[in-house]
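For the record, the sequence lines run as chains A and B.
First residue of the first sequence: 388, per our numbering; consecutive thereafter.
First residue of the second sequence: 388, per our numbering; consecutive thereafter.
All the pointers check out, no bait thrown in.
Identical copies go unnamed one by one, so any copy, or any two together, can satisfy a pair.
Dumping the calculated DSS-like pairs for lysine-lysine here, alpha-carbon to alpha-carbon at most 27 angstroms:
1. Lys597 with Lys523
2. Lys425 with Lys639
3. Lys591 with Lys523
Calculated directly from the structure, the hints in this document are not laboratory data.
2 protein chains.
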Amino acid sequence: MNKQRASKALTEAMAECAAMVETFLKNVLSSQKSCEGKLYSAMGYASLKGGKRLRPFLTLQSAKLFEASEQYALRVGTAIELIHCYSLVHDDLPAMDNDSLRRGRPSCHIAFDEATAILAGDALQVLAFEILSDPKTHPDPNVRVALVKGLAIASGGGGMVGGQMIDLESENCDVDLETISRMQRLKTGALISFSCEAGAILGKASVEEKQALIKYAQDIGLAFQIADDLLDVLGTEEATGKTINKDGEAGKATFVSLLGISQAQKRAQFLIDNAIGQLDMFGNKAANLRAIADFIVERRA
Amino acid sequence: MNKQRASKALTEAMAECAAMVETFLKNVLSSQKSCEGKLYSAMGYASLKGGKRLRPFLTLQSAKLFEASEQYALRVGTAIELIHCYSLVHDDLPAMDNDSLRRGRPSCHIAFDEATAILAGDALQVLAFEILSDPKTHPDPNVRVALVKGLAIASGGGGMVGGQMIDLESENCDVDLETISRMQRLKTGALISFSCEAGAILGKASVEEKQALIKYAQDIGLAFQIADDLLDVLGTEEATGKTINKDGEAGKATFVSLLGISQAQKRAQFLIDNAIGQLDMFGNKAANLRAIADFIVERRA
Chain A
388 MNKQRASKAL TEAMAECAAM VETFLKNVLS SQKSCEGKLY SAMGYASLKG GKRLRPFLTL
448 QSAKLFEASE QYALRVGTAI ELIHCYSLVH DDLPAMDNDS LRRGRPSCHI AFDEATAILA
508 GDALQVLAFE ILSDPKTHPD PNVRVALVKG LAIASGGGGM VGGQMIDLES ENCDVDLETI
568 SRMQRLKTGA LISFSCEAGA ILGKASVEEK QALIKYAQDI GLAFQIADDL LDVLGTEEAT
628 GKTINKDGEA GKATFVSLLG ISQAQKRAQF LIDNAIGQLD MFGNKAANLR AIADFIVERR
688 A
Chain B
388 MNKQRASKAL TEAMAECAAM VETFLKNVLS SQKSCEGKLY SAMGYASLKG GKRLRPFLTL
448 QSAKLFEASE QYALRVGTAI ELIHCYSLVH DDLPAMDNDS LRRGRPSCHI AFDEATAILA
508 GDALQVLAFE ILSDPKTHPD PNVRVALVKG LAIASGGGGM VGGQMIDLES ENCDVDLETI
568 SRMQRLKTGA LISFSCEAGA ILGKASVEEK QALIKYAQDI GLAFQIADDL LDVLGTEEAT
628 GKTINKDGEA GKATFVSLLG ISQAQKRAQF LIDNAIGQLD MFGNKAANLR AIADFIVERR
688 A
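Just chain A, same shape as in the assembly:
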């Protein structure tokens, strides 16, 4: 498959995945009791019509390698996406990154209010665990409980939340490449990595297969962050739907400020090549995972 065709297939597959996530999320949110209407409005606002759905896509594509059920993978990928959505709501709060724009729309605390945004984030987080623990996610309780444990570790103090803490703390001090790499590995890397690992858990993959997927995910996760830092410098607010150059204005160290634009671009490409190399054992079935790796360094939003 040439690169152009791979890219077209990727675009279609991602759109299909995003539509499935959207439908599933709408069902989940509407089946909840509606008495606390404002809470559910805010949860929907923060999780529907959202982004590229990269994490569910990685889970679906990883699960597909092992011919695991797409319906199971969709539930798991959506649970991971809910963790991602809640983290954006809390990160945007005035006490945190104080960001009023998200995906081209007012952030949740602007569209509602701060208290509602805090609660909506809390409820989105726990909804992820409700979905994973439900028998509909997988008939084998060993699989469900492994998914719960993996997601909890990836998103807690030793994962995503820990990375956000390093990020906040690093605003006030000199940060080197090692710190910023560690910060990324926790803040965004852990969840992206678990998105692929979850597919392997659903597919009861071998240790070797799971490790290859995790390494792939770690490399694209880091490349994704470098691409994000590049977009913050080179992108436009219109294309990205979020505030641009906020890192520079906040005097925050990024991969770009530490490496320079050209070296950062090279580093991202090196990581992508590495990531694609991990997929050799999966042959043609990994075409979309290869394409998404390329997409990450080439994206404009």
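Assemble the complex: chain A is given as a structure, and chain B must be docked to it using the hints.
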């Protein structure tokens, strides 16, 4: 057993339970990587040296009815307590209840800062699910996953967080007894109820036994809230370790403002009598559960 002896036995059993929770939590928090030191300090601040540990106590005592392992019950009760602790941290935030005093000490966001308090709350929440999903909590994955699902439902939008949303919304409008009862049932009742249900899950109780425990917990949960409202009017800041008469000053409807002091006291006693009635089938093994029901209406802090 007369009431005085029951009360002495209860005090000892509660202190023992609280000490076990403290030790377990210290172990859990210190075994986490300490690089994000500030996050873990805040998590410890918000969860150690904390309160009466009512929820873990209910789990331990409920598990004991079925001779379930105390070590398992301790892990489960502590996970529930972590949800309670995180909710206090988020509820105290300026955007929510704006409370600077908690358990006689500065609230988490005062002792640290708002961003750290938000993150510490997020990480405490997910730590609860990490603990529940770990094989150390119970060898049977069906039990672990039932605990995860039960805790997720009790603490999410259809439980604790939903109740907090009703509470915030009700500040701006006339509230009747039905709304305030529903608010309590979600905000504090769901988690207290699950504390007992979790013991029944661990003990593989019959449907009848589980239902009796849940009804017991719902009644003491509501009585607990009425007692809390009474303390807010009748208590002292010194004894309770928190800001007093804040509901009255905020013009907030409570069981006491709607029923009056005397009727509220009667209602609490009626609920306690009902709750104790549910325990008949458990005989002497439920002595501490009976004693804690009495303790709830008689407490001074």
